[in-house]
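Read top to bottom, the protein sequences are chains W and D.
Read in order, the letters of the first sequence correspond to residues 1 to 404 in our numbering.
Read in order, the letters of the second sequence correspond to residues 1 to 473 in our numbering.
Errors might be hidden in some of the hints.
[Stated by the list, open to error] Footprint (simulated), chain D over chain W, 3 or more residues, beta carbon under 8 angstroms: (1) 15–23; (2) 167–177; (3) 290–303.
It is worth saying that the hints were derived from the structure and are not from the lab.
From the three backbone atoms N, C-alpha and C, an ideal C-beta is built for every residue, glycine too.
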Amino acid sequence: MKEKTKKVKKLSDYNLSILFIIIIFFIPILTKIHPHTDISSFENRTLATPPIFNRETLSSGEYFNNWEEYLSDHIVGRNRWLKLYTYLNMNILRKNKINDIVISKDGTLLPFYAHNRIYDPETHKANIKKMANNIEELSSYVDEYGGKFCFIGIPEQSSYYRERYPDYFYNNYEFLCSSEKTMFLLLREKNIDFINMNEEFKKENRDDFYLKTDHHYSFRGAFKTYEKIINKIKNDFGLDIQGALDENEMDIITIENPILGSRNRQLYYLYPTSEKMEIAYHKEKIDYEKIDNGVKSPEFYHMEESPDERPSYGVFMGGDLAETVIKTNRSNLPNALIFGDSFTNAVEPLLYYHFNETRILDLRYYEDKSLYKYIEEYKPDVVIMIRDDLNYGNNEGNGNFNRK
Amino acid sequence: MLFSSVVFLFLFLPTVIFCYYIPGKKLKNTVLLIFSLFFYAYGEPKYLLVMLFSIVVNYILGLLLDKYRADNTKAKLILALAVIINISIIGYYKYANFLVENINAVFKTSITIKDIVMPIGISFFTFQGLSYVIDIYRQNGKVQKNPLNVALYISFFPQLIAGPIVRYETVAEQINKREESLDDFTYGVERFILGLSKKLLIANTVGLIADEVFSASTSDLSVLLVWLGILSYTAQIYFDFSGYSDMAIGLGRMFGFEFLENFNYPYISKSITEFWRRWHMSLGTWFRDYVYIPLGGNRVSKGKYFRNIFIVWFLTGLWHGASWNFIIWGLYYGCILTMEKLFWGKYLEKVWKPIQHIYTMFFIIIGWLFFRAETLVQALEYLKIMFGFTEHTFINSQAIYYLKEYKFILILAAIATLPLYPSIKRKVEEISIDSANIMIKNYVKPIILIGIFILSISYLINSTFNPFIYFRF
Numbered sequence: 001m002k003e004k005t006k007k008v009k010k011l012s013d014y015n016l017s018i019l020f021i022i023i024i025f026f027i028p029i030l031t032k033i034h035p036h037t038d039i040s041s042f043e044n045r046t047l048a049t050p051p052i053f054n055r056e057t058l059s060s061g062e063y064f065n066n067w068e069e070y071l072s073d074h075i076v077g078r079n080r081w082l083k084l085y086t087y088l089n090m091n092i093l094r095k096n097k098i099n100d101i102v103i104s105k106d107g108t109l110l111p112f113y114a115h116n117r118i119y120d121p122e123t124h125k126a127n128i129k130k131m132a133n134n135i136e137e138l139s140s141y142v143d144e145y146g147g148k149f150c151f152i153g154i155p156e157q158s159s160y161y162r163e164r165y166p167d168y169f170y171n172n173y174e175f176l177c178s179s180e181k182t183m184f185l186l187l188r189e190k191n192i193d194f195i196n197m198n199e200e201f202k203k204e205n206r207d208d209f210y211l212k213t214d215h216h217y218s219f220r221g222a223f224k225t226y227e228k229i230i231n232k233i234k235n236d237f238g239l240d241i242q243g244a245l246d247e248n249e250m251d252i253i254t255i256e257n258p259i260l261g262s263r264n265r266q267l268y269y270l271y272p273t274s275e276k277m278e279i280a281y282h283k284e285k286i287d288y289e290k291i292d293n294g295v296k297s298p299e300f301y302h303m304e305e306s307p308d309e310r311p312s313y314g315v316f317m318g319g320d321l322a323e324t325v326i327k328t329n330r331s332n333l334p335n336a337l338i339f340g341d342s343f344t345n346a347v348e349p350l351l352y353y354h355f356n357e358t359r360i361l362d363l364r365y366y367e368d369k370s371l372y373k374y375i376e377e378y379k380p381d382v383v384i385m386i387r388d389d390l391n392y393g394n395n396e397g398n399g400n401f402n403r404k
Numbered sequence: 001m002l003f004s005s006v007v008f009l010f011l012f013l014p015t016v017i018f019c020y021y022i023p024g025k026k027l028k029n030t031v032l033l034i035f036s037l038f039f040y041a042y043g044e045p046k047y048l049l050v051m052l053f054s055i056v057v058n059y060i061l062g063l064l065l066d067k068y069r070a071d072n073t074k075a076k077l078i079l080a081l082a083v084i085i086n087i088s089i090i091g092y093y094k095y096a097n098f099l100v101e102n103i104n105a106v107f108k109t110s111i112t113i114k115d116i117v118m119p120i121g122i123s124f125f126t127f128q129g130l131s132y133v134i135d136i137y138r139q140n141g142k143v144q145k146n147p148l149n150v151a152l153y154i155s156f157f158p159q160l161i162a163g164p165i166v167r168y169e170t171v172a173e174q175i176n177k178r179e180e181s182l183d184d185f186t187y188g189v190e191r192f193i194l195g196l197s198k199k200l201l202i203a204n205t206v207g208l209i210a211d212e213v214f215s216a217s218t219s220d221l222s223v224l225l226v227w228l229g230i231l232s233y234t235a236q237i238y239f240d241f242s243g244y245s246d247m248a249i250g251l252g253r254m255f256g257f258e259f260l261e262n263f264n265y266p267y268i269s270k271s272i273t274e275f276w277r278r279w280h281m282s283l284g285t286w287f288r289d290y291v292y293i294p295l296g297g298n299r300v301s302k303g304k305y306f307r308n309i310f311i312v313w314f315l316t317g318l319w320h321g322a323s324w325n326f327i328i329w330g331l332y333y334g335c336i337l338t339m340e341k342l343f344w345g346k347y348l349e350k351v352w353k354p355i356q357h358i359y360t361m362f363f364i365i366i367g368w369l370f371f372r373a374e375t376l377v378q379a380l381e382y383l384k385i386m387f388g389f390t391e392h393t394f395i396n397s398q399a400i401y402y403l404k405e406y407k408f409i410l411i412l413a414a415i416a417t418l419p420l421y422p423s424i425k426r427k428v429e430e431i432s433i434d435s436a437n438i439m440i441k442n443y444v445k446p447i448i449l450i451g452i453f454i455l456s457i458s459y460l461i462n463s464t465f466n467p468f469i470y471f472r473f
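Looking at chain W on its own, in the form it has when it is part of the complex:
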């Protein structure tokens, strides 16, 4: 019976096997021959290095296990595979949380916080207290030689837009409220000058202070921060500087191509956005000399070379740098030191205008000397610390003033 129904087999009867074999044989061959990179710009991390072979790694199983990580990191078309995953989840499964990014109804991209995220309020408060003590010590040190210190607290994008989380997502509310309340209560008790930009932003409740697809503020948010800082220095510290410039005194330029935001990067830039970046130049020009990490670099904004390329927040000052020095050679004006994470980048092209010499440090990368030594050497008239509210209790990086 079987013989009767047996038909002549054709190659197309085995299409499945042929395609399967092509995939499992060609992917490793292509992986071997295509050039490997060390860093994934999308994932913002260093990719795995080849496993090290020795007796210990072999017997513990570590050697073989590391192969999995290495191959997964360097598989041919890795970004395409990950984009496919992201596309499927975003557009077919219609998920609002993909790759730890939450997509809000109005298109704001926010970080995902697990519902059972555990943070110990007491430890968190203790960390902020330690930070406040360190700030008090630094502020006293600056006071001693006649300088002025000011702490600028900036809400991070997910903090500013915390109400935009869909109802069923955890928005980190308790952590953020506790951070803000604890930090500024302590600074007030210690008589340290500060600006809480969260309160300032809330007064105007504008939609354009922050980027929707990046974790930073926009030019508008940075401009508001600049205004508050300059007014504080001029009015409260009594330093003789020009008041904050009005928007009319600036040439504000909108970069045509939509932004490549850091949140969207986690979605492999698959989230459609028309959000654009703004930058500004002073209408009334002044002479200046700008040195980045010891190298002359006159540009405040690093534009993409090709007109088709999309800008990122890195446009401001070319991204995070260990040290930037901007000299305007106007010795009648005070000197300033600004230190902080990437939130400093967008205010730097605005602030330098008001000082003789502006020095900017990012303590995450600056390793020549400690902050105290730096201040001792240059004795700036005003020291400005810019910190985002997710890091009020973080005593590392720009929260570690003694690190060399």
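Fit chain D to the known structure of chain W by using the hints.
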């Protein structure tokens, strides 16, 4: 090594296929054995010795059994020795810590032993070793004179780590003589892709829900959240384990082996008795043929019948893990099966079918709660929350989050528990128009399956959550 890993898919599998099909027939078993030993050594090289010891012991005892077959007393003694040695291996590595803990708790002693790490897959390869000697004793399979064939039977990589438990009588002849064909290979590829997708697309995703719910503090739970957690686990364990079995069966078929099925859509069962005929069938039949029937099965007095049921389900629970949770889970099923047989089984058959399904799923889900919970206390606490015996709210934001974010995958999981795929396949085969039939079989089906395979790879590369549940056992 995991089947759902980049190393397996893109290094191990192509290499083993290449090496298997290139040399002549004589080397095929040797190739499979070498790759199987490497497969095992990949994760834990030092435990390879444990498996090799098991292979050597079972090979020698198999030869002795064959030699002294005529002398029943000697044969029985050899068989007993084989059982003792195999049980000792699994007993030492899997149950010694548990035994000492219980002795200390009961007798208030403080016996300490060094922390023993369980070699991966020991429950599976030990049971296969036992199957080899018992089947030789029963003359259900010929003794293997070539030790490499015994080694291959026990260590063959598709079923080595998480089953199915392949009984020696099933593959005894295939080890020596089997025919590979492109049809078999294609069928194997189909099963492998389906298994991989079950694991990566469904099990891992719903597994995240289950893990997050079971790791949440009790105060953060709600009634619906616990139900979602346990339903997700119910889906996870099925798609994880049946996915692995599909991959194992598929891989076996690629190399010409035909393993018996391990799952047959268990969640469509209309009774717990039926469920255990459809769930982990290789374990169920192993205990039936090697424990339950030798004890007398149900052809004994009622007292002995209860004893037999108790022993089998106690052992089934214990086989899954050295913990009271698993033992209680096993006995729980022993009780329900007894009740079905003695009391309500015949009435159950007469009620409306949806009621039969609800009844069955209810007891399965409660069973999984005891299986998944870290402790008995947690299981009981969750049980109370599920049925409203606590102050917990009915719904909270975390439950809504899972419902909204995972709605499609939860629906897909529910649909995929139904036997739709074989039903569609049957319908396609019934299509009488040749051209349509060929179009579907040769083009539509491969494209869909390769599409699923590509999606699975994208999930694999994106995945950081990839555990196989049955590797624990």
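Violated hints - listed by number, lowest first: Checked against the structure, the only hint that fails is number 3, while the rest are satisfied.
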